[in-house]
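2 protein chains.
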Amino acid sequence: MAKQHLDPAASPVAGDALADYLQAQATEFLRALRVHREGGGTSNGTPESADAARALRRSARRISSTLHTFRPLLDADWSEGMRPELAWLSGTLAREHAYGARLERLLNALNRLSGAATTAVVPAQSKTLAGRATAEPAANGPRTPQPTADRGTLTVGAAKAGALLERQLTLARTRAHSAALQALGSSRFHAVADSVAVLASEVPLAPAASAGKLPPLAAEAEGRLTDAVAALPLLTAGHPYNAAALVHGLSADTAPQPQDAPWHQVRLLLRLHRYALEVLHGHDPADPRLRSAGQALNRHRDAAEAASAAASAARTPRIAPATAYALGVLHADQRHEVEAARFAFQRAWSRDSVGTG
Amino acid sequence: MAKQHLDPAASPVAGDALADYLQAQATEFLRALRVHREGGGTSNGTPESADAARALRRSARRISSTLHTFRPLLDADWSEGMRPELAWLSGTLAREHAYGARLERLLNALNRLSGAATTAVVPAQSKTLAGRATAEPAANGPRTPQPTADRGTLTVGAAKAGALLERQLTLARTRAHSAALQALGSSRFHAVADSVAVLASEVPLAPAASAGKLPPLAAEAEGRLTDAVAALPLLTAGHPYNAAALVHGLSADTAPQPQDAPWHQVRLLLRLHRYALEVLHGHDPADPRLRSAGQALNRHRDAAEAASAAASAARTPRIAPATAYALGVLHADQRHEVEAARFAFQRAWSRDSVGTG
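Those protein sequence lines, which keep their order, are chains X and B. Under my numbering, think of the first position of the first sequence as 1, with each following residue one higher. Under my numbering, think of the first position of the second sequence as 1, with each following residue one higher.
Okay, chain X solo, but in the shape it has when bound (with noise of 0.2 Å):
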């Protein structure tokens, strides 16, 4: 069969479709990057930066989503030149983020499991609970678990496990936070940038742009995603205290877990799912069970790296065995998190689907 080139004026509804989302996303873009450059660009200044931050990598996760599910319809070059370039700039911008909330889950952990607080979750920015109690001037920290006085060994051993993590997580944000400063000034992200305000205006539809071909691309997203999930081990995640996340807890390979990585490529393939369904609809169909299977694979996703931080905590030099104890627990408490995060995704993923697999 000869290939096709249509006229782009005779794809109304995919072209539209298509270029009205991705403009509607380049617009959000730019928004955000100037309230974040009216914040001094420092994203945990004011909550409207850290806002601006993250909406800033919202849409450029959209775009670049977007530019892979329907590449076909999208001029070639520009969209594979496109990608990457979004991809570094979410993933720089994400980073920063990322040790913040990590170092919040351990801290909030470390509080459940010292039965220090019933109420186990601590403010993020709380300067009220500082450990000036504890002997360890290493152990002080505005949000590490205070030991009092009567308490023994094991919770002094919470406490510095506390203290140990927020110094090297507060140390890795602080680099990631320097390191996004430095991409945002970068010639680099002042490239993506225009890329973005150019598509803000005229999205580079390809001549192949039909208006039939935008469902069949997001059925195929769609499918790749109900691959891999029939590629997931969802018997034994829907079976309650399976132990199987915690099996290898104790191995010399504490790096990401090769039994995760299946479930962060289902957290991804979900995502451009998701992503492709806005494109269809025009917005987010907020379908709950996509939206509750998408979040108990972030909280597997936030407790495996979680699990992950507090193992290479543990291999810090000259730690006290009571830190290090506690860093066990805690590593051994995160695994299981990303055990029940999986079975909350295999209860999420089943409910709806019953009589349609």
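Incorrect hints may have been included.
[Unchecked claim] Pair by pair, the computed Cβ-Cβ distance ranges are:
hint, chain 1, residue 1, chain 2, residue 2, range
1, B, Pro258, X, Arg351, 32 to 38 Å
2, X, Gly238, B, Pro285, 31 to 37 Å
3, B, Pro258, X, His283, 47 to 53 Å
4, B, Leu234, X, Thr174, 43 to 49 Å
5, B, Pro288, X, His281, 49 to 55 Å
6, B, Leu234, X, Gly238, 20 to 26 Å
7, X, Pro262, B, Leu234, 33 to 39 Å
8, X, Gln259, B, Glu80, 55 to 61 Å
9, B, Arg318, X, Arg289, 52 to 58 Å
10, B, Ala286, X, Gly238, 26 to 32 Å
Calculated directly from the structure, the hints in this document are not laboratory data. A quick note: this is a predicted structure, and the numbers were derived from the prediction, not measured. Note that CB positions come from ideal geometry on N, CA and C, so glycine has one too.
Take the given structure of chain X and dock chain B to it, following the hints.
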């Protein structure tokens, strides 16, 4: 109302069932004692003498429980004098077995967590897996997870944690063994054995023993059980991954956790109920619900004690941080086993009581 002084001969059913049961258990006790003595009294010697020790504990528990539940039907002075002696005996005999089982549970868990074993279960008396490749002489031991050359500090930590637990629990087990041998040679034990021998031939029933009193007393035992179960946090326990068992996992009080006590109490009450049913029916009615509920509570107790042993080992002076880390992971793992056991109990208990409660 005047106190009833019935002729024992007027209550053949109650007297018969109770006397038959106690006599059978007493006979079993004496048989097990004979086998145990023929085996040299060393319960870690032959499988036969280990079985005999188990049978001794088993019948001592049943006699003691029966004296408790059906107290009003038995001679008060005699049964009140005998119960603490039987409790002392079965407690003393149980300790050696408990330390061995605890060590096996912890080493199996360490193997699982190290990803070392595809088959997680290590035979209790296996001498085949000597950790000769380990750099640490202290880490050598028959059932210790074995690090290979390319494994990191964390796996070495698992091996050292295994070796430490093996040393500590083997020592405790050896002491318990000596204590059990000493107890079996004591005049206190001979007095118990004499009482059981009397019981085997003649059960001292109270004048109040009447046909109708066996079921109400058994019902009272069941009532105490159902009341205690009703006070358990079953709503939480039935919600998978509630993370309740690890709260206070790092608090100073690593001695038996207060939150475990009501579950341990239900375990004892469930046993009293089961033995009362044995008296009523003349045999174990083999109720699958009671069986799985009881198994869940045994698992709860074993995991709670194993978690406590891991926490206790972590307080050994001068251990390496990697060892402490592994013990922390292990502690948390066993506390999650505690949580899993509560979930299993909740499932077992509620399965058949739907509509009857």
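Comparing the hints with the structure gives:
no., hint, in the structure
1, B:Pro258 x X:Arg351: 32 to 38 Å, "holds (37 Å)"
2, X:Gly238 x B:Pro285: 31 to 37 Å, "holds (33 Å)"
3, B:Pro258 x X:His283: 47 to 53 Å, "holds (52 Å)"
4, B:Leu234 x X:Thr174: 43 to 49 Å, "holds (47 Å)"
5, B:Pro288 x X:His281: 49 to 55 Å, "holds (51 Å)"
6, B:Leu234 x X:Gly238: 20 to 26 Å, "holds (22 Å)"
7, X:Pro262 x B:Leu234: 33 to 39 Å, "holds (35 Å)"
8, X:Gln259 x B:Glu80: 55 to 61 Å, "holds (57 Å)"
9, B:Arg318 x X:Arg289: 52 to 58 Å, "holds (54 Å)"
10, B:Ala286 x X:Gly238: 26 to 32 Å, "holds (30 Å)"
Figure legend: structure checked against the earlier numbered hints; every hint is met.
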